[in-house]
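Start from chain A and add chain B according to the hints.
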Amino acid sequence: GAVVSQHPSRVICKSGTSVKIECRSLDFQATTMFWYRQFPKQSLMLMATSNEGSKATYEQGVEKDKFLINHASLTLSTLTVTSAHPEDSSFYICSAGGGVLDEQYFGPGTRLTVT
Amino acid sequence: AQKVTQAQTEISVVEKEDVTLDCVYETRDTTYYLFWYKQPPSGELVFLIRRNSFDEQNEISGRYSWNFQKSTSSFNFTITASQVVDSAVYFCALSEAGTALIFGKGTTLSVSS
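The listed protein sequences derive, respectively, from chains A and B.
Each residue of the first sequence is one higher than the last, beginning at 1 in our numbering.
Each residue of the second sequence is one higher than the last, beginning at 1001 in our numbering.
FYI, nobody ran anything at the bench for these hints, they're computed from the structure.
Think of the CB as a built atom: it goes at the ideal place given N, C-alpha and C, for glycine as much as any other residue.
The calculated lysine to aspartate or glutamate pairs, modelled on EDC-like cross-linking and capped at a C-alpha distance of 16 Å, are:
#1 B/1070 x B/1059
#2 A/41 x B/1010
#3 B/1003 x B/1029
#4 B/1070 x B/1022
#5 A/55 x A/65
#6 A/41 x B/1044
Which residues of chain B face chain A? A few of them, derived with a C-beta cut under 10 Å, are:
#7 1004
#8 1033
#9 1043
#10 1044
#11 1089
#12 1105
The following block holds chain A by itself, in its conformation from the complex (with noise of 0.2 Å):
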């Protein structure tokens, strides 16, 4: 199947700060990226859908001021926690969809740690 990275892994930032955790398909153009979040002991839920070049639709509840997430092209999606706080820390993890089947492709995750 297809690749797709996730950068960095790991992160720990301090309570206030932003960071940023980026999506890359490295073997074919993604034309959606999704962006999923994952709570310890739980399951992975929705955050947002993004389409290259256009808007991310987010999820119910889910605060598109917090989140900022960029498409810009169809290897490179980027989601930005701004004003992070110990509640986000969570563990972040993108798929890319695209290519004839219209398969989906999950990146192995970025673990975000607020302290």
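Same frame as chain A, now just chain B:
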């Protein structure tokens, strides 16, 4: 609305036992996809299978097998002769074409030696 239910929160078995993880889904669409993923402690999702709604054939891959039954909206996953390395959280998921996956709550499988 779409929904995936994994009623088993945790399952514990001893090595070499067979184990079945249940998955029941709800959707109004006639075209959809069903998935199973494995999530080891590292967190990275490991893709196991993707099945479209028009293909009800059961599938076997080594010790893994899947039983898809549209009549009961179920997509169950069986591990034969379980091994310690099978210990992980397993997620069943559902999607329409091109949309995000909706995940069940997951089943934690513990296999002891």
